[in-house]
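From just these sequences and the hints, can you work out the full model?
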Amino acid sequence: MPSLPLWLSNTRSLIGFTLLIFIVGAALLAPVLAPHDPNEQDLINMLLPPFWVEGSDAAFPLGTDSLGRDILSRLLYGARVAMTVAIFATLGATLLGAFLAHLAGYFGGWVDWLIGRIIDVWLSFPPVVLSLILMVGLGAGLWNVILAIVLVDWTRFCRVLRSEVMVVRRRDYVSAARLLGFSHVRTITREILPATLPLLITLMALEMGIAVVVEAILSFAGMSVGNEVPAWGQMIADARQDVYNAPSTLILPSFAVFVTVFAFNILGDGLRRSLDTRLTQTERA
Amino acid sequence: MSLLSVNGVSVAFANALGTFTVLDKLTFELQPGKVLGLVGESGAGKSMIGRTIAQLLPNRFHVTEGDLRFDGRDMLKTGAAEQRALLGRDIAFIPQEPLAALDPVLTIGQQIREHLDHIGRGAGRRPERDWRKVAIEALDAVHLHDPAGVLDKYPHQLSGGMCQRILIAMAFLSQPKLLIADEPTTALDVSVQARIVGLIGDMQRRHGTAVIFITHDLRLAREICDDVLVLYAGKQVEFGPASEVFERPGHPYTRALQLAIPPAAGEHRGLFTLPDRMPGLMSLKQMGGCRFAPRCPLAEARCHEVPPPDVTVGPGHRALCHKPEATPGIAPPPALEHRHRDPDAQLLFRARDVSRHYITRARLFRKPDTFPAVRSASLDLAEGEFLGIVGESGSGKSTLARLLVGLEGTSGGTMELLGRDVSGMDRGTAAFRRENVQMVFQDPQSALNPRRRVGEIVTQAMEVMNGSRADRATRAAELLQEIGLSPEMAQRYPSQMSGGQKQRVNIARALCTVPRLLIADEIVSGLDVSVQAQLLELLLHLRRERAMSIILISHDLSVVRYLCDRVLVMYRGEVVEQGEVDAVFANPQADYTRKLLAAMPGEGAPAAEKFAAEEAFA
Ligand SMILES: Nc1ncnc2c1ncn2[C@@H]1O[C@H](COP(=O)(O)OP(=O)(O)O)[C@@H](O)[C@H]1O
Ligand code: SF4
Ligand SMILES: [Mg+2]
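Top to bottom, those sequences are chains A and B. Start counting the first sequence at 1; every next residue gets the next number (the numbering used here). Start counting the second sequence at 1; every next residue gets the next number (the numbering used here).
No lab work stands behind these hints, which were simulated from the structure alone. Mixed in with the good hints, there may be bad ones.
Said to hold, decoys possible - Derived CB-CB ranges, DEER-like:
{"id": "1", "chain 1": "A", "residue 1": "Pro126", "chain 2": "B", "residue 2": "Ser498", "range": "47 to 55 Å"}
{"id": "2", "chain 1": "A", "residue 1": "Val167", "chain 2": "B", "residue 2": "Ser378", "range": "50 to 58 Å"}
{"id": "3", "chain 1": "B", "residue 1": "Val464", "chain 2": "A", "residue 2": "Leu28", "range": "36 to 44 Å"}
{"id": "4", "chain 1": "B", "residue 1": "Ala430", "chain 2": "A", "residue 2": "Val167", "range": "23 to 31 Å"}
{"id": "5", "chain 1": "B", "residue 1": "Ile359", "chain 2": "A", "residue 2": "His184", "range": "20 to 28 Å"}
{"id": "6", "chain 1": "B", "residue 1": "Thr414", "chain 2": "A", "residue 2": "Val167", "range": "29 to 37 Å"}
Claimed, not checked - Coverage of chain B stretches by chain A, computed from C-beta distances (three or more under 8 Å per stretch; other residues unrestricted):
{"id": "7", "region": "365 to 372"}
{"id": "8", "region": "429 to 443"}
As the list claims (entries may be wrong) - Some chain A residues close to chain B (C-beta under 7 Å, calculated; not the full set):
{"id": "9", "residue": "Asn39"}
{"id": "10", "residue": "Glu40"}
{"id": "11", "residue": "Arg169"}
{"id": "12", "residue": "Tyr173"}
Cβ atoms here follow ideal geometry from the backbone N, Cα and C, with glycine treated the same way.
Structural data, given as structure tokens:
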């Protein structure tokens, strides 16, 4: 497949990427695609089953929940929250984590020591506890969820990347760049970052999956977006009381979370493989 | 009866483009307990011979004709299971990269135990205590310190020399009849190399093992081998007793390789530089006559058309050439004129009592533990002078180089460049130093950014000065021209170049800003002698054209003797001796210098005796 870029010429990345195009498409086009207003309550049509079950209504293809809201529309809108959190939380965690990782790995010495100690302290809190403490402190809300994820997960980036930066930093071409008059900033951005980028991208894909799960958990606990915004975790929470007579209300949003996380993970895994082989080819051939 | 007999064996590689012969009609024998050397440039097919004998050919390679007998067995007809059993038991391997051959996630003990199981002497039959005892004895036999401790270590916690010793110990565990050692010492420095070679010889004599020793170092081959096979582009061009082959080479290629090596002692002479490179696999098909003809100094019309005959040139000594009798006539170019220090030359660089301590353990409220990598080194360098720095690995050569270029700050001492103090690390000093001093790094693999094109790499210095794209392209072409590469190479990535070409790029990058002093750290180690000779010629050419000074760090003393005016000997961070090259080589003052000189292959006593093997590894 010569027309595909290298990072996609891998079945795993391709599957992940295709799934994500659909999910992002659904999120972007939710207002167009959704047959109903996701918050519109239709008390006559409560707990309608999805189309493959007898007694369904063609106007609500995936059925309705206990308040008669259209599940398909809520899933589509829920994708918006999931994607927003995935993208912004990951960007934030990446920026913070990668910035500190490059500082620590490149300069070493006391900078590294200091950043290392901060990470140690951070990691001494279990991540779930830390995010709950943060959410209580920050209060509910979409941007606070994002902030909490950033504050919890930047250490993951920082730790993994820091050792990678240290490996690259020891290569002679980095010393050579300094000798040719490159400033520290230029050396990091032009010589080191390109080498750590594959790992960074892979970590980002995985982090997006994690962010989707964390958002689902927090909205399940009612700590994410308010009631007026549909989110997958919330849908799962709402479906709890009807789990026996309308299992699809629980299964469908869970499945949405699962597919999204799966897509991110398989993309990350595929990226890691193809970027790794590219590296082994250029660096060892 | 011979242990191994190879008769007309050819090996081919098949892909979509066709079938290519990799090894062409090899014919040689190996007697039990003897050492056969395989020599030739990299890519000639040396390792492929080893793999063919062990029946470990990579995918898509297969033997197309001939007869291969090991210990009376027809190797080409034995089944896969039998072959696997033979390997490791009757045939042992010591690969080129010791670290790659050991499993990084298993301890040395676990790996030895697995190996013992494989050869059928392991834990399966003996109690737990026993395999440890066997392993410890084996490690003790290769003079490893604290063998019991080593068993619990992982490969990355050990030095290259130690890993190589472990592999030797494992190879001899099964008392094999044949040992194939693929460049076992290329990655190690002279003194470690001498010990490893001594060790293999020792074990070989003790167990009566036959050895196939693959190396590109002719001096080493001469020293340890009974017979030698010279390989060129898959052809066996010369075969015979080592003394015969090296005293009276029948093939021009053998003679050319010999003359490409700077002599370690005696008369100075020029280096014979073989032009170009060995033809690649794909182009061999089009070559009708002698494969060496394009590079052969004796080539004539028939050489290009008629394949040369296998001529007997002495007792048991054959050469594949139309006119082997003309070979002794190939003469080396005249010796370089060794210059003595010009008293009027301007002083370029001066270092006084420079030292560097590394903190090995930081402590709160107390002085940290330090390790002195360089202690009180002083040197003077005149404009246009070539200074060599020699010493074994870990002696502080690279650290001193990094101090001189300013990649690291000193812990004490002063440095002056063109009369200006450059001991500090401030911006102005750094810029001044950068303009005048540049460095060529040791390992081209690590020194060239794999993501940049060659054109970008060599003009990297202009990136900071915001040189325009067109300017950079012009400058890149100039630089590539100067170091003997074609301008089209600018579009390549480092991975698309050979080792010698990468090293040229490495040099070109340092030349971009026209420095007055070039510091070259081990830039020819591990390269073929032919490539080494080409690079040394390049440095001499640069000296003529640019009147540059060079500090050449090398563990190969003959290279320093050939190229440099003065030499500085380092041992454990200290400068133990310095002086004019001829004086130091003829009349070494320091004990360490004498030892270093004696450890050179091809000089004096056999390798085994030069360095007592039980000496600790640095
Ligand atoms: N960053 C470092 N920290 C601690 N020790 C070091 C460091 N760099 C080099 N050394 C030590 O300094 C000594 C000299 O090393 P080096 O200059 O690389 O020697 P050479 O070039 O002769 O092989 C070695 O013992 C090495 O282990
Ligand atoms: S046959 Fe001719 S070209 Fe080949 S090695 Fe002999 S003299 Fe040289
Ligand atoms: Mg070194």
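Status of the hints after comparison with the structure:
{"no.": "1", "hint": "A:Pro126 <-> B:Ser498: 47 to 55 Å", "verdict": "holds (53 Å)"}
{"no.": "2", "hint": "A:Val167 <-> B:Ser378: 50 to 58 Å", "verdict": "violated (35 Å)"}
{"no.": "3", "hint": "B:Val464 <-> A:Leu28: 36 to 44 Å", "verdict": "holds (43 Å)"}
{"no.": "4", "hint": "B:Ala430 <-> A:Val167: 23 to 31 Å", "verdict": "holds (25 Å)"}
{"no.": "5", "hint": "B:Ile359 <-> A:His184: 20 to 28 Å", "verdict": "holds (22 Å)"}
{"no.": "6", "hint": "B:Thr414 <-> A:Val167: 29 to 37 Å", "verdict": "holds (35 Å)"}
{"no.": "7", "hint": "365 to 372", "verdict": "violated (count 0)"}
{"no.": "8", "hint": "429 to 443", "verdict": "holds (count 7)"}
{"no.": "9", "hint": "Asn39", "verdict": "violated (50 Å)"}
{"no.": "10", "hint": "Glu40", "verdict": "violated (54 Å)"}
{"no.": "11", "hint": "Arg169", "verdict": "violated (11 Å)"}
{"no.": "12", "hint": "Tyr173", "verdict": "holds (4 Å)"}
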